[in-house]
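S.K.: Line by line, the protein sequences are chains A and B.
If you're matching positions, the first sequence starts at 1 in this note's numbering and goes up one per residue.
If you're matching positions, the second sequence starts at 1 in this note's numbering and goes up one per residue.
Careful, some of the hints might be misleading.
Identical chains blur together in the list; that is why a pair holds if it fits in one copy or across any two.
As the list claims (entries may be wrong) - Cross-link-like lysine-lysine pairs, in silico, DSS-like; alpha carbons within 30 Å at most:
#1 Lys81 / Lys141
#2 Lys212 / Lys135
#3 Lys274 / Lys237
#4 Lys173 / Lys237
#5 Lys145 / Lys197
#6 Lys173 / Lys145
#7 Lys141 / Lys237
#8 Lys339 / Lys176
Honestly, the hints are just simulated from the structure, not real lab data.
Computed from a prediction, not measured in an experiment: that's the story for all the values here.
2 protein chains.
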Amino acid sequence: MNMHVSGYATQSAKDNLAPLCFERREPRVNDVVIEVLYCGVCHSDLHQARNDWNNSIYPMVPGHEIIGRVTSVGSKVTRFKPGDQVGVGCMVDSCQHCAACEQGLEQYCEDHHTLTYNDIDRHDRMPTFGGYSEKIVVSDKFVLKVPDGLDLAGAAPLLCAGITTWSPLRHWKIGKGSKVAVIGLGGLGHMGLKLAKAMGAEVTLFTRSPGKEQDARRLGADRIVLSTNEGQMGAVKGRFDLIIDTVPYVHDINPYLSTLSLNGTLVLVGYLGKLEPMLNTIPLIIGRKSVAGSVIGGIAETQEMLDFCGEHDITSDIEVIRIQDINEAYERMLKSDVKYRFVIDMASLKV
Amino acid sequence: MNMHVSGYATQSAKDNLAPLCFERREPRVNDVVIEVLYCGVCHSDLHQARNDWNNSIYPMVPGHEIIGRVTSVGSKVTRFKPGDQVGVGCMVDSCQHCAACEQGLEQYCEDHHTLTYNDIDRHDRMPTFGGYSEKIVVSDKFVLKVPDGLDLAGAAPLLCAGITTWSPLRHWKIGKGSKVAVIGLGGLGHMGLKLAKAMGAEVTLFTRSPGKEQDARRLGADRIVLSTNEGQMGAVKGRFDLIIDTVPYVHDINPYLSTLSLNGTLVLVGYLGKLEPMLNTIPLIIGRKSVAGSVIGGIAETQEMLDFCGEHDITSDIEVIRIQDINEAYERMLKSDVKYRFVIDMASLKV
Numbered sequence: 001m002n003m004h005v006s007g008y009a010t011q012s013a014k015d016n017l018a019p020l021c022f023e024r025r026e027p028r029v030n031d032v033v034i035e036v037l038y039c040g041v042c043h044s045d046l047h048q049a050r051n052d053w054n055n056s057i058y059p060m061v062p063g064h065e066i067i068g069r070v071t072s073v074g075s076k077v078t079r080f081k082p083g084d085q086v087g088v089g090c091m092v093d094s095c096q097h098c099a100a101c102e103q104g105l106e107q108y109c110e111d112h113h114t115l116t117y118n119d120i121d122r123h124d125r126m127p128t129f130g131g132y133s134e135k136i137v138v139s140d141k142f143v144l145k146v147p148d149g150l151d152l153a154g155a156a157p158l159l160c161a162g163i164t165t166w167s168p169l170r171h172w173k174i175g176k177g178s179k180v181a182v183i184g185l186g187g188l189g190h191m192g193l194k195l196a197k198a199m200g201a202e203v204t205l206f207t208r209s210p211g212k213e214q215d216a217r218r219l220g221a222d223r224i225v226l227s228t229n230e231g232q233m234g235a236v237k238g239r240f241d242l243i244i245d246t247v248p249y250v251h252d253i254n255p256y257l258s259t260l261s262l263n264g265t266l267v268l269v270g271y272l273g274k275l276e277p278m279l280n281t282i283p284l285i286i287g288r289k290s291v292a293g294s295v296i297g298g299i300a301e302t303q304e305m306l307d308f309c310g311e312h313d314i315t316s317d318i319e320v321i322r323i324q325d326i327n328e329a330y331e332r333m334l335k336s337d338v339k340y341r342f343v344i345d346m347a348s349l350k351v
Numbered sequence: 001m002n003m004h005v006s007g008y009a010t011q012s013a014k015d016n017l018a019p020l021c022f023e024r025r026e027p028r029v030n031d032v033v034i035e036v037l038y039c040g041v042c043h044s045d046l047h048q049a050r051n052d053w054n055n056s057i058y059p060m061v062p063g064h065e066i067i068g069r070v071t072s073v074g075s076k077v078t079r080f081k082p083g084d085q086v087g088v089g090c091m092v093d094s095c096q097h098c099a100a101c102e103q104g105l106e107q108y109c110e111d112h113h114t115l116t117y118n119d120i121d122r123h124d125r126m127p128t129f130g131g132y133s134e135k136i137v138v139s140d141k142f143v144l145k146v147p148d149g150l151d152l153a154g155a156a157p158l159l160c161a162g163i164t165t166w167s168p169l170r171h172w173k174i175g176k177g178s179k180v181a182v183i184g185l186g187g188l189g190h191m192g193l194k195l196a197k198a199m200g201a202e203v204t205l206f207t208r209s210p211g212k213e214q215d216a217r218r219l220g221a222d223r224i225v226l227s228t229n230e231g232q233m234g235a236v237k238g239r240f241d242l243i244i245d246t247v248p249y250v251h252d253i254n255p256y257l258s259t260l261s262l263n264g265t266l267v268l269v270g271y272l273g274k275l276e277p278m279l280n281t282i283p284l285i286i287g288r289k290s291v292a293g294s295v296i297g298g299i300a301e302t303q304e305m306l307d308f309c310g311e312h313d314i315t316s317d318i319e320v321i322r323i324q325d326i327n328e329a330y331e332r333m334l335k336s337d338v339k340y341r342f343v344i345d346m347a348s349l350k351v
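All chains should be built: construct the whole structure from the sequences, respecting the hints.
M.R.: Here it is, written out as structure tokens:
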């Protein structure tokens, strides 16, 4: 029998989020039922709630940075038991047999990974609903273990902002002595600084805004470069092995290419669209540099990242809100007025 | 005492090439003096002769695909002796101590490699002159050994067209079972097909021109895809580990990105300038794909490539011309009327 669950949803691109009682599937034999304790608020929640990408399904319950506690498990679930602290990120399913899935790269599933919300379950064709809700039902393969000792609210953004920066850092083999730069100090950027630093890299923040120096240093930056300052940009010419570009809107990446080292890569993780102004190939060719993209991370590497964060006591810098304040939080997020992630305390749903 | 050498030169962007007697340096202790036997005609010879890149120095003696025979060596030269068959490519010097040079990647020298022509020698500040001449004087570190048995005229284009496609094939670890595509069937493209095939890859040619099928198959292509045909493009979606884009003018690379596999790379080796229409980041992000650039190759890998070509009997498909026909050859090259490289028989200079 389907479960009746309460949460917050939007009914159209123009509505605010408001309370909704909705149905989740009757748990399957490999499902884990999770009481949601905390849910991070990602910029993409707002994009999808407002149909900015023209692919929204309503009603929509957003939320894909989920921390919770297992309340029950299906008969075939062996890795989890009631009471376990767990996490759920941006995906809840994938085909499980394509070349990407077989490498543990479900985020690149050739048959598309199933999004945690705003998607359709591939087995029962029911819509998926996210973490702004009291409970969620997820296939065990897409449930992560959250290490003991991590602050649970601060851990929620690891499931999206954390893994989105972790995956390129690992794929491009960042470690001790690597030189890494992060463009933009937001939800993704601040996690990029923390993770790269903990991996042993020398870490630089590129920002357009003066006044972020103190915060950036606290978060792990060894150096701050004002990207609007030619002298500062010139001083890091040819320096970086990897630049993680977290900027979520159209921007000129050409000035950053000259700061890449030979064989260096600029990886876009925030901006989906056309590169304007046009990308100049000359710096790529005369330094064998690359412009690449990356999206979230696979389940195995998400677990690896959570375990790493447990060992290094890394969580996100957050502002905890009540679910009733979500619409105001969206407005503040639009103005970048958050350091550095809102996290909803889902206990507020019961008030 | 400087040497007096005859060759063909242009005196300005608007002049044709014509006979010129010019000076080369008195050989230094580490120099090799080479009688030029054959010199390939690269598209960039024409660009530089006509000052298309706004950096030309006149008079200019073009030519950087040089095959010759050693006539004398300096007192400190041990690797070469008179009579040896040798080659000289696009560079004749570099700083020799930067991080790139220390890795054998002189083409990415931080202090700029010295071009074989249209450049200034870093020691004596004399202009450099290329291979459209009877002799050339080159530092031993930039002289390559040409394996016995290779057709010498056909080997000349290996020094630029060959190494320019070899270097990315090696850097991106192409081997047996790899899936490689080459965009464009010209001097570079036809070498890309031959080399990728000999490395054991499955090889595809992208072309806009029907009618190249037979030639492409002979050169090593397993498949020909008309890039203007949506059905053919769709049939290779997600297929290639590496695409070598040899097109030397502005063109839309977006359609090719969808034919890259997960983690695949499109490497630009022909076009220097802005990517128009604008590059779309979405295919990069949803498949962790890269757009990269690459220029010629280091001296060690050029020797490796020549040795590989010796073992596999690979040379360029050429049309041998007399130096007196060089201006007509330039006009034909502009119309892509060459299969696939002009090579000057420098014996014609003595006629």
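S.K.: To test your reading of the hints: which numbers does this structure violate?
M.R.: Hint 2 contradicted; others consistent.
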